[in-house]
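Protein chains: 2
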Amino acid sequence: MQHLQKLVIEAIETSQFPETPTNLYDPIRYILTLGGKRVRPVLTLMAAELFGMQEMEEIIPAAKAVEFFHNFSLIHDDLMDQAPLRRGKTTVHEKWDANIAILSGDGLLVKAYEEISKCNPVYLPATLRILSKVAMEVCEGQQLDMDYESRGSLLMEDYLEMIRLKTSVLLGGALQLGAILSGANEQQQQLIYDFGENVGLAFQLQDDILDAYGDPDTFGKIVGGDIIINKKTFLLVKLMEVIAPEDVPMMQHLLHATVEAVPTKVEDMLKLYDKYQVRKSADELKDVYTQRAFEKMSALDVPKERKEALLLLANNLLVRQQ
Amino acid sequence: MQHLQKLVIEAIETSQFPETPTNLYDPIRYILTLGGKRVRPVLTLMAAELFGMQEMEEIIPAAKAVEFFHNFSLIHDDLMDQAPLRRGKTTVHEKWDANIAILSGDGLLVKAYEEISKCNPVYLPATLRILSKVAMEVCEGQQLDMDYESRGSLLMEDYLEMIRLKTSVLLGGALQLGAILSGANEQQQQLIYDFGENVGLAFQLQDDILDAYGDPDTFGKIVGGDIIINKKTFLLVKLMEVIAPEDVPMMQHLLHATVEAVPTKVEDMLKLYDKYQVRKSADELKDVYTQRAFEKMSALDVPKERKEALLLLANNLLVRQQ
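For the protein sequence lines, the chains are A and B, in the order given. Under the working numbering, think of the first position of the first sequence as 1, with each following residue one higher. Under the working numbering, think of the first position of the second sequence as 1001, with each following residue one higher.
Only chain A is shown next, with the shape it has when bound in the complex (with noise of 0.2 angstroms):
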């Protein structure tokens, strides 16, 4: 994996943009070169690797491109929650400004698409299909994201779904286009495409799992950062959901108090969690995607030892920190 990690970032920190307007392509450059770990388009090489394609130039187009529209999202995204980080460095519109924000997403958007029609002409009907529905997902994704986070309750399937669309099936994407460049069948293709949804999905309820439960010094961010902001995660959502009535106002309290007011609301909240246990609901999913995800890869009709790197990617991704 890590020979295609290196192949993924060399690429991407060395594309080339316009010099100007520099208000335009500084801030393309800029998100770019954030860094992080590449996981999606690295993702892209793997899943052409495990369908035995050799030649790495031709998938990294694809590659460049999940990265490009996930950066998009994040560029987005951060100004319409008005994120003040990412990845601990200044957001592009709290850097520049909101409209400068929205013009470099949408050229790195654009940017996707430029790369995506570099890959071979022969599948570029299936992978243009597969970006543009991966990126109205995610699109659909955040626009839900946006509409919950003003309701009082929300329910289960609801959550779940929402965070299939806006993280899970671009992971699923990004590992679909390395299959259909490495002529993999539709069948073939809907089966490494399910494999990445449901690591996604597990990787999801692992994170909100991690807020709350975290190791402190190993975690990296605040541990109880999502209950403080009242974020909608599975332990919540979990919680509205199996709660006795006799706990409900307290719960309401919770919610309705800053943590300047009530110091203790992680804490409460925590206690809460634990009563209903809410952590173990949210392990067992994160089970049943995880399970659902080595049976999706099992299923897949390539040589045992081309699927070890994927495998070893996955059992990183969900074990981390726990």
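Just so you know, these hints were derived from the structure itself, not from any lab. You may find that some hints are simply not true.
Unchecked claim - In silico DSS-like links for lysine-lysine, alpha-carbon gap of 30 angstroms or less: (1) Lys-37(A) / Lys-6(A); (2) Lys-265(A) / Lys-232(A); (3) Lys-1133(B) / Lys-95(A); (4) Lys-232(A) / Lys-1095(B); (5) Lys-133(A) / Lys-1133(B).
These numbers were taken from a predicted model, which means no experiment stands behind them.
Here the structure of chain A is known, so what remains is to put chain B in place on it, guided by the hints.
Coordinates of chain B only, in the frame set by chain A:
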């Protein structure tokens, strides 16, 4: 031309989008039904007819892609410019909010690519290349426009490059897409593109002229609207270029005055325009572009009678209300 316009309007207004999330798809439905002459997608069909294509159904997806792209740029530009109205109706960010305008614009840009993907796959690399080239140029033009807004002065060549990018390349690109899909060779594609770009430039100059000198009864907007808001137009940029030192204080005074504070702002600025004959310069340059457009058209290697519809359209666009 009218039967093509009818085809286009029907194709656009019967486009189907998912019902939900409503905050993502309602604004897309809304902007696409605000009407307008649909000049750009009609140009795509007209270019196809010019090159002898009979099957308009094969061209419709490209025409829709052009109109979707145009409407994406309207949503985002209106937000960035904080415009309250578009075609006399509330703009998307006013009717909903800024975040919804960002995301529904993004969605419509993706939908533009989704449409272009439906075109004849043989031409897909070429059509994609043109759509992405035009899209990046339109983004560049919008960024330059925003950059120039805050500047005191502006070189004429920068102004002309900005309007070329912001408005003319899409007319050229719309025509080129129709040409590509009709099998026109690259030299013919370039000629029809150049025709469109020059018509676009002439049209933009005419727009600048009409805003200051249009007939109030037929213009449809307030005459002098650009002067009131100090919009950088050909006339103002030219004036700044040629004005004698002794008139600079007067010009600066008018640029710093609101029309409420100086009710004669429009007529005083027009006096300066007249003194320095900036309208004459604009008319002359408009004629240069118009002439160039007609030269490109006459260099095109298709039967003369097939050129008539586009020549008539250009004529209608460029002699409007003068």
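Exercise for the section: Please work out if Lys-265(A) and Lys-232(A) have their alpha carbons no farther apart than 30 angstroms. Expected result: With a Cα-Cα distance of about 16 angstroms, the restraint between Lys-265(A) and Lys-232(A) holds, given a limit of 30 angstroms.
Exercise for the section: Sort out whether Lys-95(A) lies within 30 angstroms of Lys-1133(B), counting only the CA atoms. Expected result: 27 angstroms, holds
Problem - Holds or violated: Lys-37(A) to Lys-6(A), with C-alpha atoms at most 30 angstroms apart - result: 10 angstroms, holds
Problem - Hint consistency between Lys-232(A) and Lys-1095(B) [alpha-carbon to alpha-carbon, up to 30 angstroms] - result: Satisfied, since the Cα-Cα distance of roughly 27 angstroms is no more than 30 angstroms.
Exercise for the section: Quickly compare the C-alpha distance for Lys-133(A) and Lys-1133(B) to 30 angstroms and report which way the hint goes. Expected result: 22 angstroms, holds
Figure legend: structure checked against the earlier numbered hints; every hint is met.
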